[in-house]
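Protein chains in written order, with the numbering used here: chain S, 31 to 391; chain H, 30 to 315; chain D, 2 to 263.
No lab work stands behind these hints, which were simulated from the structure alone. Note that the structure is a prediction, hence the values are computed from the model and not measured. Do not take every clue at face value.
[Unchecked claim] Reference listing, derived: stretches of chain D covered by chain H, where coverage requires no fewer than 3 residues with Cβ under 8 angstroms from a Cβ of chain H: (1) 14 to 20; (2) 29 to 41; (3) 92 to 106.
[Claimed, not checked] Simulated crosslink set (EDC-like; lysine to aspartate or glutamate; CA at most 20 angstroms straight-line): (4) S:K211 x S:E201; (5) H:K125 x H:E205; (6) D:K222 x H:D257; (7) D:K51 x D:E228; (8) S:K37 x S:D246; (9) H:K125 x D:D6; (10) S:K37 x S:D86; (11) H:K124 x D:D6; (12) S:K37 x S:D83; (13) S:K211 x S:D150; (14) S:K347 x S:E378; (15) D:K222 x H:E277; (16) D:K222 x H:D264; (17) H:K206 x H:D128; (18) D:K222 x D:D55; (19) S:K158 x S:E123; (20) D:K222 x H:D263; (21) S:K37 x S:E60.
[To be verified] Reference listing, derived: stretches of chain H covered by chain D, where coverage requires no fewer than 3 residues with Cβ under 8 angstroms from a Cβ of chain D: (22) 145 to 152; (23) 244 to 258.
The C-beta atom is built at its ideal place from N, Cα and C for all residues, glycine as well.
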Amino acid sequence: MALLDIKGVTRRFGEFTAVDNVSLSVEAGEFFTLLGPSGCGKTTLLRMIAGFDLPDAGSVLLDGEDLAHRPPEARPVRTVFQSYALFPHMTVEGNVAFPLQMAKVPPRDRPQRIAAALEDVRLTGYDKRFPHELSGGQKQRVAVARALVTHPAVLLLDEPLAALDAKLREELQIELINLQKEVGIAFVYVTHDQTEALALSHRIAVMNHGRVEQLDVPSRIYGFPNSRFVADFIGQCNLYSGQVVARDGTIVAIDVPSLGPVRVATRSEPALGSSGTIALRPEQIRIAAGAPADAPGNHYRGTVADLLYMGDVTVYKVETSGGSRIEALLANSQGGGAKFFEVGDQVEMSWPVDAGHFIAG
Amino acid sequence: MVSGPPLAFLLVFFAAPTLIMVLASFRSPGEFGGLAPLVDASGRIDLNVDGYARLVTEPVFAQVFVKSAGYAALTTLVCLLLGYPLATLIARSAKKHRDLLLLLVILPFWSNFLIRIYAWMIILGPNAALARLVNRALAAFGADPVPLLFSAFAVLVCLVYVSLPFMVLPLYANLEKHDRTLLDAAQDLGANAWQRFWRITFPLSLPGVYAGAALVFIPALGVFAIPDILGGPDDTLIGNLIKQQFLETRDWPFGSVLSIVLTAAALALAGGATWVARRSGGASRA
Amino acid sequence: MRKSDPWLRASALVAYAFLYVPLAIVVVYSFNDSRLNAEWVGFTLDWYRKLAGDGAMIAAAGNSLVIGISASVVSTVLGTMAGVAMHRYRLRVLPLLILAPIAIPEILTGVSLLIFFVMLNVTLGLVSVAIAHITFCIGFVAIVVRARLAGMDETLTEAARDCGASPWNAFRYVTLPLIMPGVIAGALMAFTLSIDDFVITFFTAGAGTITLPLQIYSMIKISVTPEVNAVSTLLMLLTLVLIIAAARISPTLLRSTQESTS
Chain S
31 MALLDIKGVT
41 RRFGEFTAVD
51 NVSLSVEAGE
61 FFTLLGPSGC
71 GKTTLLRMIA
81 GFDLPDAGSV
91 LLDGEDLAHR
101 PPEARPVRTV
111 FQSYALFPHM
121 TVEGNVAFPL
131 QMAKVPPRDR
141 PQRIAAALED
151 VRLTGYDKRF
161 PHELSGGQKQ
171 RVAVARALVT
181 HPAVLLLDEP
191 LAALDAKLRE
201 ELQIELINLQ
211 KEVGIAFVYV
221 THDQTEALAL
231 SHRIAVMNHG
241 RVEQLDVPSR
251 IYGFPNSRFV
261 ADFIGQCNLY
271 SGQVVARDGT
281 IVAIDVPSLG
291 PVRVATRSEP
301 ALGSSGTIAL
311 RPEQIRIAAG
321 APADAPGNHY
331 RGTVADLLYM
341 GDVTVYKVET
351 SGGSRIEALL
361 ANSQGGGAKF
371 FEVGDQVEMS
381 WPVDAGHFIA
391 G
Chain H
30 MVSGPPLAFL
40 LVFFAAPTLI
50 MVLASFRSPG
60 EFGGLAPLVD
70 ASGRIDLNVD
80 GYARLVTEPV
90 FAQVFVKSAG
100 YAALTTLVCL
110 LLGYPLATLI
120 ARSAKKHRDL
130 LLLLVILPFW
140 SNFLIRIYAW
150 MIILGPNAAL
160 ARLVNRALAA
170 FGADPVPLLF
180 SAFAVLVCLV
190 YVSLPFMVLP
200 LYANLEKHDR
210 TLLDAAQDLG
220 ANAWQRFWRI
230 TFPLSLPGVY
240 AGAALVFIPA
250 LGVFAIPDIL
260 GGPDDTLIGN
270 LIKQQFLETR
280 DWPFGSVLSI
290 VLTAAALALA
300 GGATWVARRS
310 GGASRA
Chain D
2 MRKSDPWLRA
12 SALVAYAFLY
22 VPLAIVVVYS
32 FNDSRLNAEW
42 VGFTLDWYRK
52 LAGDGAMIAA
62 AGNSLVIGIS
72 ASVVSTVLGT
82 MAGVAMHRYR
92 LRVLPLLILA
102 PIAIPEILTG
112 VSLLIFFVML
122 NVTLGLVSVA
132 IAHITFCIGF
142 VAIVVRARLA
152 GMDETLTEAA
162 RDCGASPWNA
172 FRYVTLPLIM
182 PGVIAGALMA
192 FTLSIDDFVI
202 TFFTAGAGTI
212 TLPLQIYSMI
222 KISVTPEVNA
232 VSTLLMLLTL
242 VLIIAAARIS
252 PTLLRSTQES
262 TS
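Turn these sequences into a full structure, and let the hints steer you where they fit.
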């Protein structure tokens, strides 16, 4: 039995269905992420786990117990809010002591537990500070310490790093991974940032329009997206749709308008004439000035139409003779980090059949 | 749940008394003041519209209403003329000075109402410098001396005095939101200062003008302490009439009739001002 | 700066003078060694001394204080509840009942309560006046408290619940301390309004109970005397101190006074 079970949960606001028949389970000790664009229902789902909102249908079970009749304060889950929601009239110590006080932990046991929680988030010595005297990152850590001090069964984190700048965010991501490993509490993490989700999670549920589109480990979410939405939302992706025109063992050819047949390896066995999409990551495309020496599964010629030089890599948008656009990414690996091609250059693009990923429909 | 106690309190001590007053306006006055029994000696329920009929048949009451409305209108006009420049100045002053300038407008509103009336008793008193100055000037032109105190003039000056903050605050709230680049644009298009005011600022400030007018006019309509203390025998307004009915002639039903008509007038004016302000507000946004 | 500015400044100066000169005259003449409030004769504290020996005035001040304290305590509790209720729920009736006593002419509240109390055989006195004051003070407290709540981060209450606090504890330990400046400012406003009220008190006090404004009224109906200047000066000083204290405690006060008038 899983630690946290979401069973057929639906939540409607008037005509709008925010969460639509979602079922998933979170295991003990897992770092689980709800990922999706804003309005996909991830925060509503989190609020229903915390108890701030109730499902219209379905149930939320913790250790097999239905939480429907438990108000937020009676649920063994804690939330780290996006705004941190630190009590401005209390010190760091007061904030972290608050859940202990509410749980009626004897006053003599509190200092030691507060100290331990602050040590966990590396904030020892900050206990007498007020929230307005802390930096964004420090506030975030206090919020985590406050949520962890009573050792909840599940910690809910609602975009906890969204308000921080990129550099600090990366630092805190590593801290969160280590902290989660250390305390062993299941984390349910909500974010709209796909790189953050990929970096942190054991498993990711990608949500869209209130539904879970795909639930899997990060590498499979990235490498084997099961829908156009997931492929497009997670990282950059070339998406080519068309009809299945040939099948030879595990290799399928799809006739993509304005590009021609594209070959891809797949274990699914789509019928001839059915439609499908190939998802192809830009970094999997070989781009070169001359024709490839080997005989790759796919090979096209085109002209560089646009490019984005990013220092470490360059993104090339190449237009084929048929008018199709292919996005390819190439590390600027030559000395001096200069890009290899300029706009207007003729280039040859190729990729093996197992580079792309076939999505039926 | 949390709304229960305040709701209960106001239902009992505000809504119920108001309803009782409405009911009282249809009853008969008691022999020794107050109200006659609701069920009279013959077992008949005694409800009538005599009080309302009196309002129509005895023109003196209509005259008092008209006079009160006149005083209130004049007060509103003077407040507008005095308040507009003041509100404009505050709205145009530097942000750090605004709160102080605004506080200076609000403070007198928080000082005791009677003290503010009393101050004018002193200023307008027969021995005070102002009265002597005025009467010396009148004497120079061969006119008879006039009393300043206990006159319509005293009532109006004091009405303006106590009402001014209520005109300035909504006007300021409106003027403060004006986009100054509109005036620059108008100037750029060749409008002089006067044209800029009449064609841009004033039309845009109309919602504030209506709000301020309602806030000045309505309380001025129901005032009784000012004419009671500063007015002469001719300065009887609705408020004084109501006070007389309740505390002197003790004709409660008629006092209630007057109160209800006053309330109805106040609510109609407030509603009307809100409606007009919203319409003109919408027009100025469009 | 624009050309119209000197005119603007001059007329605004006239308006400010109009607002403050009368009050200044009251204060100045309270130190004037003359029975007539007509011209400056010399400095004296006689009128304050006379005030200190005026039994009726001191009794009236005592009544005002008792009414002011009880009215402000009750209206602060009820007004805070109303403010919280209006912030949390979309209510229809309560906001109407809260604002109506402020919006309609005072005399109407006074006379309707007079009928009400007499019909219920309630003896007019301290209690009836205090109740009357509470009816219009609740609104002012509620407006200030709601303004304060509107400026508060809603997730703080959720965070308190999340930390294991019951709704009551969340209010007690988080919401209430955070809106306290608004509550105190509201209480000070209510006290000031009660101490200063004349019209509603006039109708609900009955014959035996005299408050400070009623005492001033009966004195100035007879004649102008500098003793009234003295008591007025003290009363203005008290009001000024209370209002400035309230404004310092709650910067939203200024804005909410505006809100209540527009």
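Now for the hints, and whether the structure bears them out:
{"no.": "1", "hint": "14 to 20", "verdict": "holds (count 5)"}
{"no.": "2", "hint": "29 to 41", "verdict": "holds (count 5)"}
{"no.": "3", "hint": "92 to 106", "verdict": "holds (count 10)"}
{"no.": "4", "hint": "S:K211 x S:E201", "verdict": "16 angstroms, holds"}
{"no.": "5", "hint": "H:K125 x H:E205", "verdict": "14 angstroms, holds"}
{"no.": "6", "hint": "D:K222 x H:D257", "verdict": "9 angstroms, holds"}
{"no.": "7", "hint": "D:K51 x D:E228", "verdict": "7 angstroms, holds"}
{"no.": "8", "hint": "S:K37 x S:D246", "verdict": "18 angstroms, holds"}
{"no.": "9", "hint": "H:K125 x D:D6", "verdict": "19 angstroms, holds"}
{"no.": "10", "hint": "S:K37 x S:D86", "verdict": "12 angstroms, holds"}
{"no.": "11", "hint": "H:K124 x D:D6", "verdict": "17 angstroms, holds"}
{"no.": "12", "hint": "S:K37 x S:D83", "verdict": "15 angstroms, holds"}
{"no.": "13", "hint": "S:K211 x S:D150", "verdict": "11 angstroms, holds"}
{"no.": "14", "hint": "S:K347 x S:E378", "verdict": "12 angstroms, holds"}
{"no.": "15", "hint": "D:K222 x H:E277", "verdict": "16 angstroms, holds"}
{"no.": "16", "hint": "D:K222 x H:D264", "verdict": "16 angstroms, holds"}
{"no.": "17", "hint": "H:K206 x H:D128", "verdict": "15 angstroms, holds"}
{"no.": "18", "hint": "D:K222 x D:D55", "verdict": "18 angstroms, holds"}
{"no.": "19", "hint": "S:K158 x S:E123", "verdict": "6 angstroms, holds"}
{"no.": "20", "hint": "D:K222 x H:D263", "verdict": "17 angstroms, holds"}
{"no.": "21", "hint": "S:K37 x S:E60", "verdict": "18 angstroms, holds"}
{"no.": "22", "hint": "145 to 152", "verdict": "holds (count 8)"}
{"no.": "23", "hint": "244 to 258", "verdict": "holds (count 9)"}
Of the numbered hints stated above, none is contradicted by the structure.
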